[in-house]
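There are 2 protein chains.
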Amino acid sequence: MRSLLLVNLPDRIVIREVGARDGLQGEAALSVDQRLELLDALLTAGLTHLEIAAFVSPKAVPAMAGAAELVAGLGAPEGVVRTALVPNLRGAEMALAAGIDELTVTISASAAYNQRNVHMTIEESVAAVAEVCSLAAGAGVPVDAVVSCAFGSPYEGDIAPAAVALLAEQLRASGAAAITLADTTGMATPRRIADVLALTGAAVGLHLHETRGTGLLNLYAGLQAGVVRFDTSVGGLGGSPFAAGAAGNVATEEAVALCDDLGVSTGIAIDRIIEAAMLVEQMVGHPVPSRVAHVGPRSRRT
Amino acid sequence: MRSLLLVNLPDRIVIREVGARDGLQGEAALSVDQRLELLDALLTAGLTHLEIAAFVSPKAVPAMAGAAELVAGLGAPEGVVRTALVPNLRGAEMALAAGIDELTVTISASAAYNQRNVHMTIEESVAAVAEVCSLAAGAGVPVDAVVSCAFGSPYEGDIAPAAVALLAEQLRASGAAAITLADTTGMATPRRIADVLALTGAAVGLHLHETRGTGLLNLYAGLQAGVVRFDTSVGGLGGSPFAAGAAGNVATEEAVALCDDLGVSTGIAIDRIIEAAMLVEQMVGHPVPSRVAHVGPRSRRT
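Residue numbers (my numbering), protein chains in the order written: chain D, 96 to 397; chain H, 96 to 397.
Errors might be hidden in some of the hints.
Derived list of chain D stretches under chain H, where covered just means 3 residues or more per stretch with a C-beta under 8 Å from a C-beta of chain H [stated by the list, open to error]:
no., segment
1, 132–140
2, 276–290
3, 304–313
4, 359–365
Here are the computed distance ranges between Cβ atoms for each label pair [said to hold, decoys possible]:
no., chain 1, residue 1, chain 2, residue 2, range
5, H, Leu-261, D, Gly-296, 27 to 35 Å
6, H, Asp-106, D, Gly-252, 54 to 62 Å
7, D, Gly-252, H, Gln-377, 26 to 34 Å
8, H, Gly-170, D, Gly-296, 52 to 60 Å
9, D, Glu-173, H, Ala-257, 43 to 51 Å
10, H, Pro-382, D, Ala-207, 23 to 31 Å
11, D, Glu-251, H, Gly-141, 25 to 33 Å
12, D, Ala-232, H, Val-109, 55 to 63 Å
Counterexamples of contact, computed for chain D against chain H with all Cβ distances above 12 Å [what the hints assert, rightly or not]:
no., residue
13, Ile-108
14, Val-109
15, Gln-129
16, Ala-207
17, Arg-211
18, Val-221
19, Ala-342
Hints listed in this document are in silico derivations from the structure and should not be mistaken for laboratory results.
Glycine included, every Cβ here is placed at the ideal spot set by N, Cα and C.
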């Protein structure tokens with residue numbers, strides 16, 4: 096039986112695993128070899144889209160050191176899209192030299208957040224994204240522009256959906272092949288997602304966090320709105336899992352468990368991705384926030 | 096703007112706060128005075144329906160000791176429905192003698208779970224519920240039959256929605272004024288909720304747990320299906336918040352934060368319920384699982 100409520104869900108979605116980047120960037124640094132072991136487990140689980148590295152200063156983000164070495168070590172598995180985050184033109188040059196398949200760049204829908212994090216106006220950031228897109232186009236590499244604070248800013252509160260949609264348009268006009276709307280501080284709600292997607296259209300990715308315990312709920316709201324591309328992180332890593340109100344990403348295994356039950360195909364094997372979550376838990380040395388990783392999928396029997 | 100996705104949500108729901116019972120039953124025992132202080136904070140937050148006690152053996156559940164004293168201490172605040180869980184006829188007698196407004200009784204949709212927990216067949220449990228209902232009817236007190244494992248059993252897996260609906264019918268025929276469907280081990284999903292409610296109708300309460308991180312998501316699915324009655328627990332207490340894969344109830348403040356944003360009225364003040372969550376956190380002596388309690392609602396600014 097498939098009930099009325101579920102008929103509009105997509106048959107299949109793409110999950111981009113961001114654990115090796117967003118998930119690990121705030122952890123004590125893992126070696127390149129450890130990260131390759133994790134990526135291997137993620138590939139074994141069936142993931143085909145992975146954000147594997149950030150070409151940033153290893154001084155600023157020690158956990159992301161060795162990005163080029165990591166890309167070389169992974170090689171180019173068939174059918175797999177390897178993504179790297181780049182903060183600027185120099186990062187993009189390094190990532191392209193390393194042979195990455197896709198770049199992500201970030202820009203905030205919140206002027207205050209953008210100013211505080213990259214000391215630029217939104218307009219200046221759009222121009223910087225355009226430069227990266229132009230460079231990447233020369234290498235035939237697509238750029239995904241990740242719009243932070245798309246569902247609210249801790250400084251300004253709600254960002255007008257029309258402003259988010261306008262920014263998405265500007266980024267597309269600047270050469271971004273894809274737009275991902277990020278809920279950087281856990282302010283997304285089903286209402287906000289519906290309101291923003293009503294103006295941007297559903298042809299965006301969603302990058303959701305569990306800061307307020309609403310990540311998976313918002314992913315479900317995104318599915319209902321027709322979104323077919325989501326960023327998630329193995330084990331739900333991201334942010335500080337120790338701090339009260341952990342701010343991790345939606346856990347990949349929780350997204351897969353939900354989609355399995357809804358009949359939405361992800362191509363990811365739930366038991367294998369839970370194994371990968373247990374592996375990264377060992378590596379980081381503390382419990383991952385994901386509950387499905389510890390309790391198992393609903394199919395698990397006592 | 097209110098988007099298409101949200102138009103079918105109810106205008107108003109009733110939240111029954113179960114923190115003083117389900118939330119505290121697994122914690123180190125709090126005194127009656129501490130529990131009265133907590134209940135006072137919950138009333139201040141605007142809650143009108145509270146499960147405040149369980150009339151069970153204090154030897155079996157030390158945290159629930161002093162139920163009659165608690166009811167007497169609370170008195171009968173105007174407009175407030177005070178509920179107590181009773182495991183059997185003897186508990187019901189004590190609860191009615193204490194002057195409670197509503198009884199909850201539990202019965203499992205899972206034969207194996209019911210056998211293991213109360214050593215009775217489902218049929219025998221229905222008969223026991225009928226006895227409690229008959230006794231309560233004499234006192235003019237309604238009984239809410241809480242059906243555990245309504246969305247799946249850790250022993251048998253999915254319980255057929257038709258079996259859940261049949262049990263609900265039998266319980267109503269046995270005198271239950273209300274039916275609450277409980278997701279005892281976190282096996283509910285939006286699909287299961289839709290499938291079960293398609294047969295039971297939406298005139299049931301939902302009692303959801305976060306065992307697999309899906310409690311709030313399932314509450315949202317329930318709202319979309321037209322359910323207007325939910326059990327939640329301040330701070331998300333319930334189960335063991337220390338264990339990996341904490342199995343707490345949906346946090347009241349997370350439900351309120353969601354409903355506030357959706358325009359679904361609960362009558363509960365978000366700041367006050369967060370204060371109550373901080374109070375119970377102090378009382379139990381460890382962090383409550385709720386994220387909104389620690390991070391604050393999305394309206395909170397940096």
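Hints violated by the structure (numbers, ascending): 1, 4, 5, 6, 16, 17, 19
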